[in-house]
Structure formats: structure tokens, C-alpha cells
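Asks: This is what each chain is made of:
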Amino acid sequence: MSDSITTETIDTVAALAEGGYKWGFSTDIEMDMAPKGLNEDIIRLISARKNEPEWLLEWRLKAYAAWLKMEEPDWAMLRHEPIDYQDLHYYAAPKKKAGPKSLDEVDPELLKTYAKLGIPLKEQAYLAGVEPEEGARPQVAVDAVFDSVSVATTFRSTLEKAGVIFCPISEAVLSHPELVQKYLGSVVPAGDNYFAALNSAVFTDGSFVFIPKGVRCPMELSTYFRINARNTGQFERTLIVVEDGGHVSYLEGCTAPQRDENQLHAAVVELVAMEDASIKYSTVQNWYPGDANGLGGIYNFVTKRGACRGARSKISWTQVETGSAITWKYPSCILQGDGSVGEFYSVAVTTNHQQADTGTKMIHIGKNTSSTIVSKGISAGQSNNTYRGLVKVLPKAEGARNFTQCDSLLIGDRCGAHTVPYIESRNPTAKLEHEATTSKISDDQLFYCRSRGLSQEDAVGMIVNGFCRDVLKELPMEFAVEAQKLLAISLEGSVG
Amino acid sequence: MLEIQNLAAAIGDKPILRGIDLVVPKGEVHAIMGPNGSGKSTLSYVLSGRPGYDVTGGSATFDGQDLLEMEPEERAALGVFLAFQYPVELPGVGNANFLRTALNAQRRARGEAELDAPAFLKLARAEMKRLSMPDDMLKRNVNVGFSGGEKKRNEVLQMAILKPRIAILDETDSGLDIDALKIVAEGVNAQRGPDFSALVITHYQRLLDYIVPDRVHVLAGGRIIRSGGPELALELEANGYGAIVDAAA
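Chains as they are written, first to last, in the numbering used here: chain U, 1 to 496; chain X, 1001 to 1249.
Please note that a few of the clues may not be correct.
Claimed, not checked - Covered stretches of chain U, going by a simulated chain X footprint (3 or more residues, C-beta under 8 Å):
#1 440-448
#2 459-468
Claimed, not checked - Here are a few chain X residues that sit away from chain U, every Cβ distance over 10 Å (derived from the structure):
#3 E1028
#4 E1073
#5 P1194
#6 A1220
#7 P1230
Hints listed in this document are in silico derivations from the structure and should not be mistaken for laboratory results. Source: prediction; values computed, not measured. Yeah, the Cβ is synthetic: ideal placement off N, Cα and C, and Gly gets one too.
The shape of chain U in the complex, shown without the other chains (with noise of 0.2 Å):
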């Protein structure tokens, strides 16, 4: 099935291949943005603009006061200008009429933008609450969004069914105030790290999920993000928790418009298991990486956090990583549940100027916690990418299992390719494995595909595809192909 994906893949690279960053648009809504500038007052706004509860205010107030006291961490392979937090917007909001109810009344500039961003048009009509035709098509349900603010949601009603809430965050926290306030921060304390801290204090919106015990959640829920305002920090916030053998599989994706300056982004992620829980978060992420020459692209510094809690409870975590300038980040899983199961699948495409710096913790407390790790990177240009992982076993973890396998496929001779596995373990049961490998794309493997009729472009997105593979097939099905494409594209006119 894989096999097929990866055909049609690169079958279509060809017509997806204009060249430069397709993505590279933005939309002329027209936006309702706080001043410039970080201060109480602007967080009182974010605040009130959502007619947030005093508790929400307070934590933002206190993470804002913790994170002043912070400094920008420099431990990472990455080197940046110095961000002015004072430069940019803190809010950003598209204008809002009544919400909306048919297709007509959504406006067509954001229609226009969905489709571009490859939403189905059946899920665009699902944004107006059209009902679903019977036995439609594999349901996914897609929160979309556009800058700060969720637009709309859909699948509202089949997910309210099985007892599933799935909302922006903004809105859980009016209507579902115990469960945010319970959860928030329970993963990722506000003053956790600079960004979480930042994040805490001035996040606008993101995703909520709740799936209450023994629910299967019936469809795959799915975010698009999408940075669209200028100077405008996109600080997300996505809190998932699954009570006692509960599932969920969740799908983020992003991509943003060019931009000549700059773009912070620092999302957190918080992810909750509880007993015999499991979830499955998947994210393509690619935001613009800056020019050829290294100009612009997005500063990606995201905290992602999953709190395995309950006995036999797992979170997977894959990711594709081909956009930003920066990347910083570490989707981590804590075992606290005996016999929890921890994962991290990773694909960091870096070229021309970008770096990144990401990997994953795991921590493992519970006994017989287990854990895998699968890193690819892939380096081309003058790019720098490093695996940072750290494996940490503590001393109640008894049987505790690691397998974590780096590989790092250079493309040319200017890139850099980095390794940095830290391991600690306080526990003599525990059994730790490490494997770690560097390549490069061979000529005689270049030659051989070429000389079968594949352009040098698709040989690359074949090979580099292949190279992947171990990652990919841990995607469901949709961002699969959209990850295969992103991969080729990414990697056009790298090599010869």
C-alpha cells in the first residue's frame, strides 16, 4: 500500500514542482491586531478579547512573570539575529461576522485559502455545517487555524455522539472550564522552559480534545495551521487527553506564506494517557524556511510534551519536519504508568540555510516503560541538522527498554549532520540499545535510477523516500502522501 503512495508521490511531483515554495501565499482578510509590543496589558487583552475566567488570566499573568525572569536558552546548534519580543504582534484576529452557516457566508478569500491548502472541498462545505453524505469518504475532522483564532470547526456533531470533544482551545475554555483548568499546565508547567512560558502567557488559540474512557474516537481529527498576519508570533496551544482506554489519532499540519522577516513560533502541546490509553500525534510541519540565502523563514521553537499517566498507556509521536528556518523541538514522553509505551518517529529535512535542532526525551518511571526512537535526518545545502535525544531511566523503572536508531543522509559537502544522544539510566534492569548511521545519496545510486528513466529530481525524492521509509509508514494515510511530496519538494535542486 505504502509502495503505491510513494508512485503516485513522485508521479505527481513533477506537476507539484513550480519551483521555489508552494505555499508562498498569503490571504487579504481583514484582521483585528492588538498593537505591537509584549506587556500585562496586551496579555490582559488576549484575555479579555476571549472573555477568558480570572483563573486564565492569572496563569498567564504568573507564566508572563516567570518568563521575564528567563533567558533565551543557547544550548542547541542553532544561531539566529536576537528576537525582539517587543517587534511583534501578540494578537491577531480575522474579523468575525455571525458564524458561519452556509458556504456563502464563509468568506470566500478564507474558501479560497482552504483550497489552497488542499481541504477537501467536502470539508470546506463541513465548515458550513453542511451535512455529510452517507458513506462519504474516510472522515477526517479538521480544525482549522487561521492565525490566532479557530474559524470554524467540523464533525461537530458525529464526535459529540460518541461523547468526544474536539474544539478550539479558546472555546473549551468557556465551556469545558474544569477540564482546561485540571489539564492545562499539567504536562508542560508554564514556567517549564523561556518558550512554554511565553507561550503560557500570551497563547491565542489552538486545539482541544477530550475523549472520555473506553472511547475509540471515530475519525482522525486534524488541524491546519497557518501563520497569515505580518509580525504576528503564532503561539498555539494544543491540549489532547484521553481517559482510560480512550484513542485518539491526531494530525497537525502547516505550512505559512512568505515572509521577508521573521516569524516566531512557539507552540506547546500538552498530551495526557490515562489507564490503557493511547494516542497517535502526527505532524508535517513546514513553514517557510527563509530564502535561498537564508533570509526570512519561520522560527519554529515548540515545547510537546506527553504524559503517559496510566498503566499501559502510549503516545506515539511522528513527525516531518521540512519547513523553518528553525526548528527547536523536542516531542518527549514521560512513562509514569507501568508498562507505558513511548514513541517518536522523526523525518528533519533541513537545506539551503536551515537549521534544526530536534529529537525527543523519554523518560522513563514506571516499570517495563518501553520506549522507540526512529530519527531520520536529511541534510542538504548549507544546512545544519542535529538529533538531540535524551533517554533517562529512573530508579523505580524496573525492565525499563529503549531502541533508538539515527540516521543522517548528507546531500552534498557544505551540510552538517549531528548526533547528541544523551543517556542516563539509575536503573541496572534497563535495557538500552542505540544505533546510528550517516550516508549520502551515492552517484551509483543516482545513476541506477536515472538510468532506468527517473529525472535526478525524482531520484532523490525516491531514494530520500526510501531512506524514510521506517517514519513514514508510521503516518496515516493522508499525511503520508502529503509528507512524500513534501519530502521531493523539499529537496528539488539539492543535489548536481
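Starting from the structure of chain U, add chain X where the hints point.
Replies: Quick look at chain X alone, frame taken from chain U:
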């Protein structure tokens, strides 16, 4: 028809081919034999467009089209196929996916309709049956973990599916046991017909017991020093290259 005139090629400063003249008419199978280092593999790489070889003189055309001006993938679409002496491994790339992508790239380049997955699988399975190859060959990654014999059979399978108009077999017999050799030879023979020609490069006469060539050429020191019918291969087998090389010198 493949026409090579006074073809010279070098790797860096080192001349390897020193003026090859060779014509392979449509429908014919020619064998190129020669001692190690005579330029056999270089000839196959120059014809298929491998980077790193500098053509320093002469010409090579197929059906009147200048091969030397074309990218390797353009030559493939024109119908030139190289069966590699050492087939290359592509980890993570499924054989079926690879072959279908290659076939469709060629078809696209020729302005032909592409094959969808079911149509391709039907074609591939039929060819595999003809070549007595197990079904799982398509599911495996390209040449990864293949034995020497399996790699060569995979080359023949690719040839059967891509249906080239001229196949260059670069020491396809090396490392094959007699059973594998027969299967490979049958694969080549199955392609024989008025629209298929082949250049069979081999070190030993053995392969030519199974693929009987129309002509045999002896390559030594970057030149073709003698040409003849199938009996020339037998003569070489009996007397070795030495006698012919000495006679030509």
C-alpha cells in the same frame, strides 16, 4: 540501430576507449568480449550516460539520435537499457514502486499513457511468471539483501518490464551459477525479436551458449580488434585472448 563511430572516452586524464567502431542493426544481438581492463564496462557506461566519463571523440547514435547529447533518463526513454554488473541497492524503496515509477517516467517522456497500479501489477506478474521469479520479488526493496543471482535476475525482470529497444548487458553472467545463468539467458532470449537488439558484454564464452549472438567483437586496449560470427567466441574460449591480442598488435 546502434551506430558507434570512432568513439573515444577517458576517465580524467586516462584514455579508456580509443576509437570504437560498432554497428548493431535492429533485431541483432552482438557480444563484446575482452580481457579485464579492455574498456568493456566503460563502453556500457558511456552508452548509458554515466557521469564521470568524458567522451573525447567520435559519436554514438541510436536510430539516428545522438545518445551522447542526452541525459541518462532520456536515453532510457529512447529505449536504452543497461543491465548493471553490480546492481545498486536502494534501501526502503520497494521494487514494484521503483519499476512502476521508472516505467511511467519513460512512458510520460514518450507521450504514452501511464499505467495505473493494477495494470502495472498485471504486467509485472505476467513477466515474473515467464521468468520463473517468485512474487515476493516485487515486494522487496530494490536489490537490498538480494543474492548475487537474485540481483541479476532482478535486472532481467526490469528489462522485461521496461521493454527496451536495445539492452546493454554488462557482465550479467558474472557470479551466476548455471541455473541462474539459464534463467537470465532465457529472459534475454524472450525479448529477442525484430525490434530488440542487445549488446552482451561478457568475459566468458559460457553465456553465449545460451544467448547465441549474431556477431562477436573482441575489445582490447580500448579498440575492437576483431569481429566475427558466434564461432569467434569458441575460438577465444579455446585459445584465450592472448593469441588474438598478439595477432592484432
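Asks: Please go over all the hints and tell whether each is borne out by the structure.
Replies: So, going through the hints one by one against the coordinates:
no.: 1; hint: 440-448; in the structure: holds (count 6)
no.: 2; hint: 459-468; in the structure: holds (count 6)
no.: 3; hint: E1028; in the structure: holds, 22 Å
no.: 4; hint: E1073; in the structure: violated, 5 Å
no.: 5; hint: P1194; in the structure: holds, 23 Å
no.: 6; hint: A1220; in the structure: holds, 26 Å
no.: 7; hint: P1230; in the structure: holds, 28 Å
Hint 4 alone, counting from the list given before, is not met by this structure.
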